[in-house]
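Sequence order for the protein chains is X and C.
Residue 0 is where the first sequence starts when you use numbering that gives the first Met the number 0, and the numbers rise one by one after that.
Residue 0 is where the second sequence starts when you use numbering that gives the first Met the number 0, and the numbers rise one by one after that.
Quick caveat, the hints were computed from the structure, so don't treat them as lab data.
Built from N, CA and C at the ideal position, the CB exists for glycine as well.
Among the hints, erroneous ones may be present.
[To be verified] Covered stretches of chain C (in silico footprint by chain X; criterion: 3 or more residues with CB under 8 Å from a CB of chain X, positions within the stretch not fixed):
(1) 14-20
(2) 252-259
[Unchecked claim] Non-contacting residues of chain C with respect to chain X, defined by C-beta distances greater than 10 Å in every case (computed):
(3) 463
(4) 604
(5) 641
Number of protein chains: 2
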Amino acid sequence: MKQVFLDSVSLEEAVERVNHMLDERGLQSIGFEIVRVTDSLGRVSAGPVFAKYSSPFYHSAAMDGYAVRFADTFTAGETSPSLLRIGSDALYVNTGNPMPDGFNAIVMLEDVNLKEDCIEIYQPVSPYQNVRTIGEDIVATELVIPENHLIRPIDMGAMLSSGHIELKVRKKTKISVIPTGSEIIEPERVRNRPPLPPEIIEYNSTVIQGLAFELGAETTRFPIIADDFEAIKKAILDAAASSDIVVINAGAGRGTEDYTLAAIQSLGEVLVNGVSIRPGKPAIIGIVNNKPVFGLPGYPVSAYITFRLFVKPVIEKLSGITSEGDGSIQAVLSRQVASTLGVDEFVRVKVGVVGGKNIATPLGRGAGLLMSLVRADGMIRIPANSEGLSAGSEVEVDLLRSKEVISKTIVCIGSHDNTLDILANNIKKKYPKYSLSSAHVGSMGGLMALSRGEAHLAGTHLLDEITGEYNISFIKRFLPGKKIVLINLVYRQQGFLLKKGNPKKILGFDDLLRDDVVFINRQTGSGTRLLLDKCLKEQKIESSLIKGYERDEYTHMAVASAVLSGLADTGLGIYSSAKALNLDFLPLASERYDLAVPLEFMDMETMQPILKTIREDQEFRDIVQSMGGYDTRDMGKVIFES
Amino acid sequence: MKQVFLDSVSLEEAVERVNHMLDERGLQSIGFEIVRVTDSLGRVSAGPVFAKYSSPFYHSAAMDGYAVRFADTFTAGETSPSLLRIGSDALYVNTGNPMPDGFNAIVMLEDVNLKEDCIEIYQPVSPYQNVRTIGEDIVATELVIPENHLIRPIDMGAMLSSGHIELKVRKKTKISVIPTGSEIIEPERVRNRPPLPPEIIEYNSTVIQGLAFELGAETTRFPIIADDFEAIKKAILDAAASSDIVVINAGAGRGTEDYTLAAIQSLGEVLVNGVSIRPGKPAIIGIVNNKPVFGLPGYPVSAYITFRLFVKPVIEKLSGITSEGDGSIQAVLSRQVASTLGVDEFVRVKVGVVGGKNIATPLGRGAGLLMSLVRADGMIRIPANSEGLSAGSEVEVDLLRSKEVISKTIVCIGSHDNTLDILANNIKKKYPKYSLSSAHVGSMGGLMALSRGEAHLAGTHLLDEITGEYNISFIKRFLPGKKIVLINLVYRQQGFLLKKGNPKKILGFDDLLRDDVVFINRQTGSGTRLLLDKCLKEQKIESSLIKGYERDEYTHMAVASAVLSGLADTGLGIYSSAKALNLDFLPLASERYDLAVPLEFMDMETMQPILKTIREDQEFRDIVQSMGGYDTRDMGKVIFES
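Go ahead and model the full structure; you've got the sequences and the hints to work with.
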């Protein structure tokens with residue numbers, strides 16, 4: 000009934016086929032145009048620019064002073080100054096003025112003594128002293144910029160200075176982006192109402208246009224085309240006629256409504272149909288009317304990665320502009336990453352500079368996780384011949400943010416609390432150079448990250464069942480020998496998150512045992528899970544009897560979202576997550592949520608904006624209070640030092 | 000009569016005064032505006048963006064396959080498949096389709112066996128397997144991007160995906176650039192004729208606009224204003240009324256026609272009048288009608304450096320955009336650089352990666368040398384408390400080109416020949432990733448650079464007076480123990496460069512002794528100088544009797560330019576330089592011009608485009624031949640190996 004990806008090729012083979020196609024079809028550049036030098040910033044020269052005129056074009060004064068004849072000053076000395084008459088033997092000139100005829104040196108103002116209509120000079124002047132001679136900067140006919148040169152502001156200056164008003168540059172690469180899919184809608188449609196299933200808001204084309212724009216291309220976005228074979232064919236033909244590169248997104252899969260492959264096949268030639276990479280496997284590359292056509296997969300991360308791997312190099316070849324991005328760095332992988340043999344896998348990572356080491360921490364790997372790209376600092380590639388990388392491996396990270404930004408980022412790994420989002424925003428707002436980036440792996444995960452030296456701080460709310468105290472005993476036990484400063488962020492209400500109006504009438508833990516109640520849990524090692532297990536133990540409830548106990552999520556908002564969507568009837572979470580999604584909330588306990596900071600990081604420059612915010616910023620406290628369920632009475636106070 | 004720079008302040012003090020002014024005047028940002036998300040690339044968010052809707056907004060299929068109820072598959076096994084009826088118990092869905100009501104898992108196409116109107120499943124399905132649940136990517140209310148975030152393509156995607164159509168961004172900083180100077184002309188004026196003294200082609204404003212544009216600013220260039228106090232005052236007032244920052248260039252000096260200082264003084268307040276930096280000393284900073292006003296010096300390098308030091312940080316503060324340029328690297332200084340105590344000096348350098356070390360070689364230091372910026376890979380700063388740096392010092396280079404470009408650059412240091420310009424262009428044209436950069440220090444200087452490990456190759460034409468052979472004996476003597484491959488580039492005609500028509504009737508060396516003949520020399524260590532000295536010795540002419548023997552230039556074109564301009568009547572040079580400037584030429588000798596390449600660099604990837612060009616590229620040979628005076632018969636041949 001359907002093709003599976005029997006025909007998929009390796010990444011290298013796919014790249015090779017594209018390059019071969021460009022060579023074979025003579026697609027090396029897309030022609031030239033003449034532009035004004037003053038409009039040429041960021042363009043690429045299509046020929047060498049040789050100086051038309053010299054600069055300076057005449058001998059001129061390099062200083063404010065008097066033009067003299069050097070021969071008149073041969074005998075000048077401290078006690079026997081040369082006396083030169085202004086107007087005949089010495090002429091005042093400003094910097095840049097042409098040398099008056101017959102004069103061949105400049106004496107600086109500071110070096111003369113003005114005497115009525117004469118100047119006194121106390122030492123001999125050498126020929127052409129303080130004179131800018133013809134061609135001192137640029138000599139006519141010399142090379143100003145070569146062909147294939149990306150024009151910078153200073154290059155425009157040099158071209159103008161050497162007499163050029165226009166120059167020949169490569170034409171901009173024209174790219175058409177065709178969004179397809181019957182369920183895809185324009186963003187404008189959700190201005191006043193949420194998307195209605197099966198609607199999906201179109202955004203891949205905007206991302207693709209942005210990426211192409213950064214490479215100096217001109218982009219055209221086609222209107223959204225429904226999943227209609229003839230309409231898609233027509234759009235491809237129109238796009239191929241009016242542009243240099245065609246990008247279709249999506250319809251690259253093998254579903255019953257995916258027509259990209261068939262459309263390219265019927266109009267031209269398919270070169271690649273599936274690539275063994277992840278994400279991005281169902282990429283299609285073809286050629287229609289001598290224009291490269293790329294069918295990119297619909298998942299946002301797949302679209303992004305396949306654009307970078309296949310479309311970007313073609314734009315670079317045609318435009319002559321290489322986007323070097325933010326380069327790459329070596330980092331140490333903080334966790335093990337498994338990968339499938341035979342597939343090149345691209346993993347998004349956060350990078351933190353912790354204790355002088357670059358630490359790369361893998362982010363969510365789903366192809367649909369756009370936010371994993373927004374949050375990522377870079378990507379690592381796990382080659383097809385590897386089954387994965389172990390924690391501690393040296394990896395090369397292809398950066399998506401600059402090293403500067405990364406070096407000014409505080410890495411927070413641990414429990415999730417909405418206050419961290421507010422804190423992150425407050426930092427960026429008031430201290431724009433600094434960032435707080437947080438990864439949510441639960442309280443225990445945070446302490447483990449501190450012990451491995453992967454994080455600058457950890458958010459934690461671990462309840463000791465015996466002492467009833469938070470965090471301290473865990474720090475003593477799991478971070479022995481490490482000096483930790485425990486600082487309070489907030490006290491917060493934990494409770495049951497419930498659908499609006501509590502339709503299932505859930506009033507306590509007993510209700511979790513009911514047949515009609517589905518629970519959603521937090522992951523092992525999270526403070527919320529510990530709280531749940533402590534309560535179940537106290538009430539002698541067997542966890543295996545709770546439906547959904549084994550299904551876990553990593554954040555409060557994910558649990559709230561599961562309840563809102565009907566995936567579950569209830570779960571434990573904090574008040575602010577209930578409030579954010581308009582859920583009901585049944586309070587259970589007030590818990591202390593602290594930040595654990597290794598003493599060695601307390602004095603770091605990057606840490607100060609955070610400490611200042613939680614200790615002194617009243618506006619920040621007010622915002623946190625207004626979210627509800629939070630008590631800021633101890634915010635910023637040191638609770639414990641180990 | 001005039002102020003000297005008694006009031007100039009240190010760089011730190013100047014920066015401090017600007018910052019204090021911004022703080023005091025409340026100039027921290029310049030307001031906000033609403034833009035469409037699709038138009039927001041490169042803008043800076045003026046508030047946090049929290050997700051309006053979750054993404055996905057409903058449970059949807061993560062794979063092409065069949066939606067099922069997981070409870071129906073509990074008993075499935077290899078030998079006892081579950082049989083589900085299509086239409087009631089299994090529904091076909093494409094990736095992205097909403098989950099049909101009452102269904103809670105997807106079985107992939109690959110995992111089912113299709114049997115008429117049923118599917119067979121061979122293992123149990125877990126709840127929500129292959130289902131993208133609500134909020135899997137983005138949960139409503141979560142932080143998508145913080146305030147002060149520079150928007151990238153992927154951020155636009157995330158905002159659209161979470162329901163945003165518009166967002167609030169910082170307004171673009173508006174900058175007015177006012178070019179002043181009675182001698183300044185629009186570039187258009189030299190379209191069909193050279194500049195006529197005292198004309199100077201305006202280009203600083205284009206460079207400044209380009210630099211500001213790269214920081215996300217909107218720029219307005221005023222028409223050129225003559226040196227007229229009232230006209231300059233009016234332009235400053237107009238600019239302050241219509242923009243956030245005013246840049247005047249030039250008139251910042253202390254000449255009789257420099258009105259910038261007086262104009263700012265009469266309209267507002269002067270904060271800084273002269274900074275102890277070089278280049279860039281006569282910079283003026285003030286404020287008029289609450290708008291920062293910068294009077295930048297007229298020399299192009301001074302204008303560039305003072306823009307970077309003073310204007311750029313203000314744009315960054317107002318716009319929230321930080322241009323990180325290409326970062327910085329550590330390098331070893333190849334030559335001594337002297338500097339004046341009390342002045343922060345900025346020196347342009349070429350950077351080459353030679354034998355694994357970054358080598359920084361200082362370029363011409365004149366403030367008027369625009370080409371020193373075009374050619375520079377970066378700048379180093381010699382602090383005010385230093386008298387200079389010795390060769391071998393570790394320096395930090397603020398890069399003007401990317402590390403990638405620098406790493407693919409072959410550094411050629413040595414004698415100048417116009418063929419090198421043609422070679423450099425040919426490399427960039429046919430191998431766009433690679434560059435050839437050459438510094439002209441004469442043949443001996445080139446061999447010395449090779450011996451210090453500062454260059455990949457050296458152009459050389461050193462004539463041995465005794466053997467009559469070129470280069471080989473010098474390599475043996477000055478590079479003992481180093482394995483050098485000597486490759487011919489060209490044979491070329493050396494001779495007397497003479498004004499058109501040879502008005503002084505110079506016919507040989509004897510004429511150099513005439514009273515009315517001024518000579519221009521090449522620097523000691525250049526092959527041309529050796530040739531001259533050999534000829535003078537043979538003809539028993541005393542060099543001290545030649546007027547101008549002591550004045551030297553570093554390139555053939557500079558000598559040709561001196562002859563053209565009348566600075567000298569004749570000098571020795573190669574035929575192509577005479578031809579380029581339309582001079583007469585009296586041939587003297589055919590000499591061999593070779594490239595000396597250390598054996599260790601012959602196999603470097605970066606060296607191959609050069610070797611390929613001189614060995615195989617017929618087009619390159621044709622261009623060299625067409626320049627005249629060259630013989631390419633041995634081009635690319637190995638002459639000698641040590």
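Results of checking the hints against the structure:
Residue count for the segment 14-20 of chain C with a Cβ under 8 Å from a Cβ of chain X: 0. That is fewer than the three needed, and the coverage hint is violated. Under a criterion of three residues with beta carbons nearer than 8 Å to beta carbons of chain X, the stated coverage of the segment 252-259 of chain C is upheld, 6 such residues being counted. With a least beta-carbon separation of about 30 Å from chain X, residue 463 of chain C lies farther than 10 Å from that chain, consistent with its non-interface assignment. Residue 604 of chain C, annotated as away from the interface, keeps every beta carbon of chain X farther than 10 Å; the closest lies near 17 Å.
Against the 10 Å criterion, residue 641 of chain C stays outside the reach of chain X, whose nearest CB is about 32 Å from its own CB.
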